[in-house]
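Chains as they are written, first to last, in numbering that gives the first Met the number 0: chain A, 0 to 336; chain B, 0 to 307.
Some hints here could point you the wrong way.
[What the hints assert, rightly or not] Below, a list of computed lysine to aspartate or glutamate pairs in the EDC-like style, where the Cα atoms sit at most 20 angstroms apart:
id : chain 1 : residue 1 : chain 2 : residue 2
1  : A       : Lys6      : B       : Asp145
2  : B       : Lys251    : A       : Glu293
3  : A       : Lys52     : A       : Asp70
4  : B       : Lys251    : B       : Asp68
5  : A       : Lys58     : A       : Asp70
6  : A       : Lys52     : A       : Glu62
To be clear, the hints were calculated from the coordinates, so they are not data collected in a lab.
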Amino acid sequence: MLATLGKRLLTVIPTLIGVIIVTFLLTRVLPGDPAVYFAGPAATPDSIAEIRKGLGLDKPLPEQFVRYVGDLAHGNFGNSLSTGRPVATEIASRLPASAELTLLGLFVSLVIAVPLGILAAVKQGSWIDHTCRVVATAGVSLPVFFTGLLLVYAFYYQLGWAPAPLGRLDAFASAPPQINGFYLIDSLVTGNFEVFRSALSQLILPVATLAIFSLAPIARMTRASMLAVLASEFVRTARASGLDTRTVIITYAFRNAMLPVVTTLGMVFSFLLGANVLVEKVFAWPGIGSYAVEALLQSDFAPVQGFVLTMAVLYVVLNLVIDILYGVIDPRVRLEG
Amino acid sequence: MTDTLNAIPPVTEKPALSATPAQPKPEHNSMLRHARYVMSENPVTGLAFFLFALIAVCALIGPYIVPHDPLASDTASALQAPSWKHWFGTDQLGRDILSRVVVATRLDFIIAITSVALVFAMGGLAGIAAGYFGGWTDRIVSRLSDTIMAFPLFVLAMGIVAALGNTVTNIVIATAIINFPLYVRVARAEANVRREAGFVQAARLSGNGDARILLGHILPNIMPIMMVQISLTMGYAILNAAGLSFIGLGVKPPTPEWGIMVAEGAANIISGEWWIALFPGAALMLAVFTFNLLGDGLRDLVDPQRRT
């Protein structure tokens with residue numbers, strides 16, 4: 000198992016190198032002068048020349064790359080133009096907000112989509128199967144920012160159940176002392192239930208938006224792979240041996256059907272991390288997505304570059320976790336590895 | 000659309016082009032019959048073709064049939080709810096939302112079509128070359144598409160637009176780049192299966208060069224499958240472009256475009272003026288839904304085994 004893990008870790012390295020090269024190239028090689036981008040719209044030729052020198056842009060490309068990698072290794076993502084603060088600190092302080100939202104969204108979506116997919120496959124052609132199909136088709140067609148706005152209209156404006164979509168806490172609550180930055184956990188650990196309630200109620204709509212968005216691919220995949228497994232011979236054998244339906248479906252079929260579902264999770268994460276940006280914009284969520292969007296609109300390039308790199312590294316790590324999970328679920332993968 | 004309907008399913012041993020002169024009539028009829036059969040099996044596909052026609056009409060003649068000027072503001076009648084005069088209501092500047100939604104169809108459609116055409120040219124060609132030649136071509140193309148896949152796609156699109164500059168053209172380019180791996184994967188797999196097929200060997204024996212075999216024999220043969228891919232990614236391309244303009248990239252404000260119109264209406268949702276965001280959002284959803292259904296329908300026509 001450890002050897003497999005080591006080998007898998009090694010395969011991450013070329014991917015990471017590719018990611019770093021692309022984020023580097025995004026600023027340096029494309030048409031347009033990066034010094035102008037970094038200097039911002041209100042720059043004089045003198046300040047541009049100064050920035051070019053300061054960034055080392057007058058040096059040859061390979062040297063610039065080495066310097067860029069060196070900066071990254073020291074956790075230096077450059078400074079934001081508009082706030083003057085280092086991008087790395089800003090991203091680190093906003094990351095928990097995004098992570099709390101995304102992970103909770105994925106969790107809710109799994110809790111709903113997996114049972115829905117299983118039921119749809121077991122009771123093929125029933126109303127639950129049709130529900131599953133409608134959810135899957137509608138889910139991939141709904142623009143995530145539009146779902147968010149519809150939920151806000153229904154649950155904030157019409158019903159008044161949800162709080163205003165303005166950030167992580169309502170105006171009267173103050174943030175819990177930072178332990179890991181997840182407000183739900185921080186407030187529980189410090190025993191501040193008022194803040195917990197506030198954080199939870201702010202979370203419900205954005206989490207629901209992300210969950211609706213990621214429901215479709217997971218439910219669809221669960222259904223398809225359960226159908227394939229249920230038609231296989233070992234399930235027929237298990238049934239013929241007189242095992243009860245529950246054991247057959249959960250122990251025999253589901254465990255085997257999990258594999259393609261876990262593979263789909265990689266793709267789902269790619270979509271979720273992108274959708275996260277849009278959801279943060281709709282709900283004024285102070286995460287890294289809204290940070291990048293603000294910077295983008297002000298042509299403040301360093302935060303955007305830091306954001307793209309952070310997201311890509313996160314995504315690579317998530318894919319690694321998924322692969323390891325794959326080995327945990329399926330012993331065959333472990334042995335072959 | 001008839002082209003796709005008549006498209007010959009990807010039978011490995013049969014070159015699509017040279018099949019036409021031999022016995023066109025029965026082939027044609029059976030294909031039409033097959034299309035009609037699939038349609039009757041799945042009426043939703045018929046609906047998808049109807050919706051597609053509607054969108055195409057809006058994109059073609061939309062600007063000439065709308066009741067109001069999509070850019071004319073009239074502050075006296077700002078923020079009016081839907082009525083007989085303004086079916087979809089008016090926005091903050093008193094512009095007619097119905098007119099704006101219809102006129103926006105063309106821009107969204109053009110963005111989606113050009114980006115899909117671009118990625119078809121780049122990814123499709125790179126993919127068939129990789130599948131046909133193998134070796135280094137394959138390694139370079141695969142490495143390139145792996146690197147793109149290592150990014151969350153929407154995030155990469157944001158980065159590309161930020162680097163290239165904030166214009167509609169760059170939204171098209173970014174959307175094409177993030178779809179590149181999908182096209183490469185399909186084209187590569189299909190070309191790889193056919194590289195030693197009978198018709199390819201025959202073409203090679205008759206003295207055709209690699210380029211001619213790729214473009215004249217393999218490409219037409221995998222076109223039906225690529226058409227499905229195109230239709231499926233059209234919906235995604237529209238969503239992606241609308242997402243980018245929702246966060247304020249690409250399309251500049253007075254221009255009617257679905258994503259930016261939803262963004263303009265977002266602030267008014269909280270104060271209850273739902274129609275500003277709802278109608279462009281619904282149009283967007285309908286367009287994506289249409290292309291997804293169309294893609295599923297085309298796949299049923301082309302690849303009966305994967306019919307759901």
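Hint by hint, here is what the structure shows:
no., hint, result
1, Lys6(A) <-> Asp145(B), "18 angstroms, holds"
2, Lys251(B) <-> Glu293(A), "16 angstroms, holds"
3, Lys52(A) <-> Asp70(A), "16 angstroms, holds"
4, Lys251(B) <-> Asp68(B), "18 angstroms, holds"
5, Lys58(A) <-> Asp70(A), "16 angstroms, holds"
6, Lys52(A) <-> Glu62(A), "13 angstroms, holds"
Comparing the model with each numbered hint stated earlier shows that all of them hold.
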